[in-house]
Amino acid sequence: MQLQEKRRAGFVATVPLVLWLTGCFAPDMPAPVFESGREVSNRAPVAQSPAAPPISGRYYVVQPGDTLYSIAWRENQDYRALASWNGLPASYTIHPGQRLRLTTPSGPALGQGGTPSSRAGQGAARHAGRADTIPPGGADRIQTNLHWRWPTQGRVVSGYAEGDIGRKGMLIAGREGQPVYAAEQGRVVYSGIGLKGYGRLIIVKHDKDYLSAYGHNRRILVKEGDAVAVGQQIAEMGQAGRDQSQLHFEIRYQGKPVNPARLLPPM
Numbered sequence: 022m023q024l025q026e027k028r029r030a031g032f033v034a035t036v037p038l039v040l041w042l043t044g045c046f047a048p049d050m051p052a053p054v055f056e057s058g059r060e061v062s063n064r065a066p067v068a069q070s071p072a073a074p075p076i077s078g079r080y081y082v083v084q085p086g087d088t089l090y091s092i093a094w095r096e097n098q099d100y101r102a103l104a105s106w107n108g109l110p111a112s113y114t115i116h117p118g119q120r121l122r123l124t125t126p127s128g129p130a131l132g133q134g135g136t137p138s139s140r141a142g143q144g145a146a147r148h149a150g151r152a153d154t155i156p157p158g159g160a161d162r163i164q165t166n167l168h169w170r171w172p173t174q175g176r177v178v179s180g181y182a183e184g185d186i187g188r189k190g191m192l193i194a195g196r197e198g199q200p201v202y203a204a205e206q207g208r209v210v211y212s213g214i215g216l217k218g219y220g221r222l223i224i225v226k227h228d229k230d231y232l233s234a235y236g237h238n239r240r241i242l243v244k245e246g247d248a249v250a251v252g253q254q255i256a257e258m259g260q261a262g263r264d265q266s267q268l269h270f271e272i273r274y275q276g277k278p279v280n281p282a283r284l285l286p287p288m
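For the sequence shown, our numbering begins at 22 and goes up steadily by one.
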């Protein structure tokens, strides 16, 4: 009986030693190292993955039929600012499926290849960042080198109104099919039905600052890229609502709506 108890006690005393030795030689569990009475880990440090940079701002995926001008129009932005923020080429070419930033980035604008935007784009950013020198409303006429004319004949049934929920242009009543004219010479930068609330829409670029829009057309007579002269017919009036033949006319300066009545001659 005493012999069995001694053997059991010896076995219990041997187990910790065996486990310690096993730990020393286990390939996946390196033995601890002791230095000056304290244990020092000899494991290789685990590499920490860098935190992904936060994604800020808003983005838009280009749809078939979009142009940079129509996207900027929808977002109330200057087309040059969008080009700079996205590092677009001087031709402002975009493609369906392309992801565009709609707000100013916190750092330098990146091009399509992930590199800083071109010097031309940076210049556009400086220009687009200037404060709008033309107040949006008021009765005073805006001084400009452009010579505007009324885009069609008819009565203004709804004028420009400031504010986020105000009307950004004016509605001119007429008859369906009557001519719609270019209010100034320029180039057609959008022609289509991709902007909600405008129907068949034409956007004309007049210079680096001014664009005009003609909405709710029955038929469009020009295409993107066409040069148009002041007074040239570009469309036929359509209906803005049920049995309401109206033209929606809008002018923007550096991407922001201005009161057309401050630019058009007296009726």
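Simulated from the structure, these hints should not be mistaken for laboratory data. Using N, Cα and C, we set each Cβ at its ideal position, and we do this for glycine too. Among the hints, erroneous ones may be present.
Here are the simulated DSS-like cross-link-like pairs (lysine-lysine), alpha carbons at most 27 Å apart as the crow flies [unchecked claim]:
#, residue 1, residue 2
1, Lys244, Lys217
2, Lys277, Lys226
3, Lys217, Lys277
4, Lys244, Lys226
5, Lys229, Lys277
6, Lys217, Lys229
7, Lys244, Lys277
8, Lys229, Lys244
With beta-carbon atoms standing in for the labels, derived distance ranges [to be verified]:
#, residue 1, residue 2, range
9, Arg79, Ile214, 21 to 29 Å
10, Pro287, Pro126, 39 to 47 Å
11, Gly220, Gln174, 16 to 24 Å
12, Arg196, Tyr81, 35 to 43 Å
13, Asn166, Asn97, 38 to 46 Å
14, Gly180, Pro110, 32 to 40 Å
15, Thr165, Arg263, 33 to 41 Å
16, Ala182, Gln119, 28 to 36 Å
17, Pro286, Arg120, 19 to 27 Å
How the hints compare with the structure:
1. Lys244 <-> Lys217: holds (19 Å)
2. Lys277 <-> Lys226: Since the Cα atoms of Lys277 and Lys226 sit roughly 14 Å apart, the hinted pair holds (cutoff 27 Å).
3. Lys217 <-> Lys277: Within the cut-off at roughly 18 Å; holds.
4. Lys244 <-> Lys226: holds (13 Å)
5. Lys229 <-> Lys277: Judged against 27 Å, a Cα distance of about 13 Å means the pair holds.
6. Lys217 <-> Lys229: Satisfied, since the Cα-Cα distance of roughly 25 Å is no more than 27 Å.
7. Lys244 <-> Lys277: holds (24 Å)
8. Lys229 <-> Lys244: Holds, at roughly 20 Å.
9. Arg79 <-> Ile214: 21 to 29 Å: holds (24 Å)
10. Pro287 <-> Pro126: 39 to 47 Å: holds (44 Å)
11. Gly220 <-> Gln174: 16 to 24 Å: Holds, since Gly220 and Gln174 (Cβ atoms, about 19 Å apart) stay within the stated range.
12. Arg196 <-> Tyr81: 35 to 43 Å: The hint (35 to 43 Å, Cβ to Cβ) holds, given that Arg196 and Tyr81 are roughly 37 Å apart.
13. Asn166 <-> Asn97: 38 to 46 Å: violated (24 Å)
14. Gly180 <-> Pro110: 32 to 40 Å: Given range 32 to 40 Å: holds, Cβ gap about 39 Å.
15. Thr165 <-> Arg263: 33 to 41 Å: holds (37 Å)
16. Ala182 <-> Gln119: 28 to 36 Å: For Gln119 against Ala182, whose Cβ atoms are near 34 Å apart, the range 28 to 36 Å holds.
17. Pro286 <-> Arg120: 19 to 27 Å: Hint violated: Cβ distance 43 Å, outside 19 to 27 Å.
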